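Engineer: Chains as they are written, first to last, in my numbering: chain A, 1 to 124; chain B, 125 to 619; chain C, 620 to 1116.
Just so you know, not all the hints are guaranteed correct.
[As the list claims (entries may be wrong)] Examples of chain A residues toward chain C, derived with CB under 7 Å: (1) F44; (2) Q45; (3) I48; (4) L50; (5) Y52; (6) F55; (7) V82; (8) L83; (9) A93; (10) I94; (11) V97; (12) A98; (13) V103; (14) G104; (15) I105; (16) E108.
If you are wondering where the hints come from, they were derived from the structure by calculation, not from laboratory data.
Since this is a predicted model, take the numbers as computed values, not measurements.
Glycine included, every Cβ here is placed at the ideal spot set by N, Cα and C.
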Amino acid sequence: MENLLAFIATRYIYIMTIILMMIGLYALIAKKNLVKKVIGLNIFQTAIFLFYISFSDVDGGTAPIFLPDGVSATYVNPIPHVLILTAIVVGLAITAVALAIVVGIYEEYQVTGEDGLQEVMKRQ
Amino acid sequence: MIPGILPLLAITIPLAAAGLIIATGRHMNLRDSVTLGAAASMVMVVLAMLPEILAGGRIGITLVPLLPGGDLALRVDALGMIFGLVASILWLLNSLYSIGYMRALKEHDQTRFYFCFAIAIAAAIGIAFSANLVTLYVFYEVLTLITYPLVVHVGTPEAMQAGRKYLAYLLGGGICLLAATILTYTLTGTTEFIPGGFLAGAGAAALSLQVIFLLYLGGFVKAAWMPFHAWLPAAMVAPTPVSAFLHAVAVVTAGVFGVVRVAGWVYGVDLMADLGLGVLLAVIASFTIITASLFALAQDNLKRRLAYSTVAQLSYILLGVSMLSTAGLTGAVIHIPFHAFQKIALFFCAGAVIVGAGRENISDMKGIGRKMPVTAVMCAAAAAGICGLPPFCGLVSKVYLSIGAVQAGELALLGVIIVSAVLNVAYFFPIIHTMIIARPSDDRALDTVTEAPLIMLVPIILAVTASVAFFFFPAVPFLDLAEIAIADMSGAGLP
Amino acid sequence: MNAVISQLPPLLIVVPILGALLALLLGKWKRSFAYPITLAMIGFQFAVSLVLMESVMDGEVIHYYLGGWPPPLGIELVIDSFNSFVLVVILALALLTAVWAREGADLDIVPEKRVSFFVVFQLLVTGLCGMAVTGDLFNLYVFLEISSIAAYTLVAAGRNPRSLIAGFNYLILGSIAAGFIVLGIGYLYIATGTLNMGELAVMLPAHYGQATVYAAFLFMMIGFSIKVAFFPLHLWLPDAYTEAPAAVTILIATATSKVTAYAMLRVIFSVFTLQYVTESFPVTELVLIIAAVAIIAGAVLAIAQDNLKRMLAYSSISQMGYIMFALGVANQAALAGGILHIMAHAVMKGCLFMVAGMIIYRTGFTAIRQLSGLSRRMPVACAAFALAGASMIGIPPTIGFMSKYYLVLGAVVAGEYLAAAVLLAGSLLAAVYIWKVIEVMYFGDVHDEDLGGGLEAPVSMMVPVIILAASCLLLGIFVELPLEVVGPAAAMLLGGD
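So here's chain A without its partners, still in its complex pose:
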């Protein structure tokens, strides 16, 4: 019990991001509405971003800024932040394309749900 609590205490961030990822995946797979699927995808991707940022944190570190008199002693690792900026843009593009496709599907079939889609497919 002690160990478990200590485990959770030090790694709670990771556990939370994993839970968030699972929520995103669940939405992605189980929800029938296409827009909700896209939202789930976003949640999944955001969870990954949070994971990256959380492991870049250094205990007691501050922002990585160059001061005129040199660098402060400990600073947070800036590289994952940089990576995530890129990944956020990627996620943005994916969401844009996904929503564009959803709009197209809606215009074509007047449904935004998978069960509606399946019905339409059967009727065709």
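Chain A is fixed; fit chains B and C onto it per the hints.
Structural biologist: Then chains B and C, alone, in the frame of chain A:
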């Protein structure tokens, strides 16, 4: 070994002809003269190499480095020359015959027919002249594929069904051959054909070598050994020149040729004896001979009866190989050309009957010998040759096989030969009897029957004449070639 | 000259981006400008890739540091024999597809969207080239996503409304896969602190036993497997290939799948070296089994299809199994066969999909039984299909046979006889589904007489088809030439960078 361009020429001539045939497709006479011209020049090219081979030399050329295991390379030796001569001479005869047959029946898609034929000959010569297993495999598969359009030529659902069976058996065989080739390569690091074989030095377990030989046998399903022979009777749905070709020249001969090649140049006679493979081959061959002859008795369709006869005759060659004795091997090797000439004559006759009388079943052929004398007589002659009667060359090979059986001490095989000889007569005699001696129940049934056109008769007469000539002069050149080939195979240590 | 060549790699990425921009701007002005720009840019890239391959053939490796920053600070581009080979293949296919798409795009893309189509086409090529050239793992992910997003867009761009749904499913699954990959990259970064592939290969062995590295490997494998459509994670592929515009199918079936397979092999062999996958975390046996199942399952499903493009899609799943087979055996011969198969499959499938597109373009037929007697109307197209099909089955001396030979050889040398037998059985199954089409084309009665005869497609569509079909045969006969590059590439992968 002399490097030479002639082997390559022998393959490129039919390939070039194929291209020209497509180009001249619309002009029938031009197209057919392309075929004839190519066949004639190919015969000359192959004959040009004959003196060198008879003197014991070899001619070779490496084309492209291809795969680990073997380059695409050609090497002409005595055994290859035998097959090469058969292929080229019979292509000439067959082309003459096909022109007559296809025109007489006004067949469709003739350009596709001649195109596929030309490429098939190139593949057959490639098999004959291949220097290693990889080259053999390449041409083997090409042959399978390019004969498919020939088999399904008529395009009826029945033909398509037969074509699927054909492909299934032959492609499956190809897979076995590929597996055997790769296994041979991984064991020994090479696939070059070496007189006397090279597998003995591999130091592999006897069981693996036996399994590999089984794979080879599976690969050479083109030799139509039972129980994997069903593709051959099914392929009879093809036009007769195709059946003649398949049965005498290319596909089946390629199959037995492959077995002989592997037995002598990959395994070697001694290794075969040590592994007991001779016994295995003998069992398969004997079973095939007897069973196929019995099946032949039951067929009423002439081409199907000839098909089963071919299955049996091919296993004579396998039987000869299984004896592993000088005379037996000689008999096997000379049976390749002798059977080819006689069988093609028989199929030509069957085709002539289709053209001249429109009949395919023996029971319908009562007394047509009166209206088609040449055909019937030639048919009788060729049949006599297959049965092993003088003065036809079939007797020569039978004699060698019988001596070989005695030499090897396998009197059971001698028994098989004798029994099958009886069966041969049993299924051939009724054909001759029906054609020549019997009378049709309705005299007017023969009114529409005419003799086949001259262009079809000439090849038949030439083939039969050849078989007579080979009886009187067997050494020219086949027996001489066979002797060199056997010497290659064995080196020393044959009874 | 060497100085010039070492500066070439970034051109491969910059040129198509520039081309996309130019095509967008000039295309707004005059629609017909978009296509020539595309053709010119991709043609230039192809020339550059040939130059690059020539200079790395002897084992030299080109390193290019973007912005002059050496790793681990900067992003590195690396050209060696493996990826230069892949680059040449995909750029050749992209060029031929671009030529084909001159008329072929009209089949599915409305004229108003033509400019956008070629812009996104070039962006797709950007992503693919970037993936092939990069030496940095996160950069790989970025370019993977660039190419994927472009691919999602293109797949959904057809006239057929079902392409929207296919594109959406592709997007969902592809994005999940990308998420897994980036997660895996994150774990690797946590373990070693670097993202550069070369440095990772050096630093990872110290961490081999750690759970972090296991997790990284698993996530990346699963992510890549989805992207590569490795059975059983292939579910997006049949719909995407079938419903996408014809030109798009050709490009994603050949280029995208190949580069993604390249990325997977690169990560496994150059980052997690061979030692890892055979000793520390032995997955090769499992991969071999799954690959064997993929080969059989893909082929069986292909046999059951009536739609031509869908049949080819399942065939692609089966063929990707061959490349995974190479991964599962992981010796010199098998890897050489796998890399050779990357080229072989691109050429063969490209030709087959092009012919399928041509048939739909001219006749509107999508079902195999409608192709009855087509050889009389479209003789050249059917002949090309027959040749490429023979290569798929693995008839010598085509290139398809050569790669299959190496794969079987590799399996036999490794003692995996059962796997070799499965591979051989796979080619028999391929014979069934290919032969079904050839039989119908050549020996069936002509379907729908009203269409008339002489339906051969326009020249700009025929030329790439003929080139590809001839390549199936010529590359096979002269297989020594590709092997000069592929052999050392395989050796390098096995020996580690």
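Engineer: Each hint: holds or not?
Structural biologist: The hints, checked one at a time:
The closest approach between the C-beta of F44 of chain A and any C-beta of chain C is roughly 6 Å, which is under the 7 Å cut-off, so the hint is satisfied. For the restraint placing Q45 of chain A at the interface with chain C, the shortest Cβ-Cβ distance is roughly 6 Å, inside the 7 Å limit, so the hint holds. Checking I48 of chain A against chain C by beta carbon gives a least distance of about 6 Å; that is within 7 Å, so the hint holds. Taking 7 Å as the C-beta contact cut-off toward chain C, the hint placing L50 of chain A at the interface is violated, the least distance being around 11 Å.
Hint status for Y52 of chain A: holds, given a least beta-carbon distance of 5 Å to chain C, under 7 Å. Interface restraint check: F55 of chain A against chain C, minimum CB-CB distance 6 Å, threshold 7 Å, status holds. Because the closest C-beta pair between V82 of chain A and chain C is about 9 Å apart, greater than 7 Å, the hint is violated. Interface restraint check for L83 of chain A: the shortest CB-CB distance to chain C comes to about 5 Å, inside 7 Å, so the restraint holds.
Because the beta carbon of A93 of chain A sits about 5 Å from the nearest beta carbon in chain C, less than 7 Å, this interface hint is met. At a threshold of 7 Å, the smallest CB-CB gap from I94 of chain A to chain C is about 5 Å, leaving the interface hint in force. Interface restraint check: V97 of chain A against chain C, minimum CB-CB distance 5 Å, threshold 7 Å, status holds. Because the closest C-beta pair between A98 of chain A and chain C is about 5 Å apart, less than 7 Å, the hint holds.
A cut of 7 Å between beta carbons decides the hint on V103 of chain A: the least distance to chain C is about 9 Å, and the hint is violated. About 5 Å separates the beta-carbon of G104 of chain A from the nearest beta-carbon of chain C, less than 7 Å, and the hint is met. Taken as an interface hint, I105 of chain A checks out: its beta carbon lies about 5 Å from the nearest beta carbon of chain C, inside 7 Å. A cut of 7 Å between beta carbons decides the hint on E108 of chain A: the least distance to chain C is about 4 Å, and the hint holds.
Violation of the numbered hints given earlier is confined to hints 4, 7, 13; the remaining hints are satisfied by the structure.
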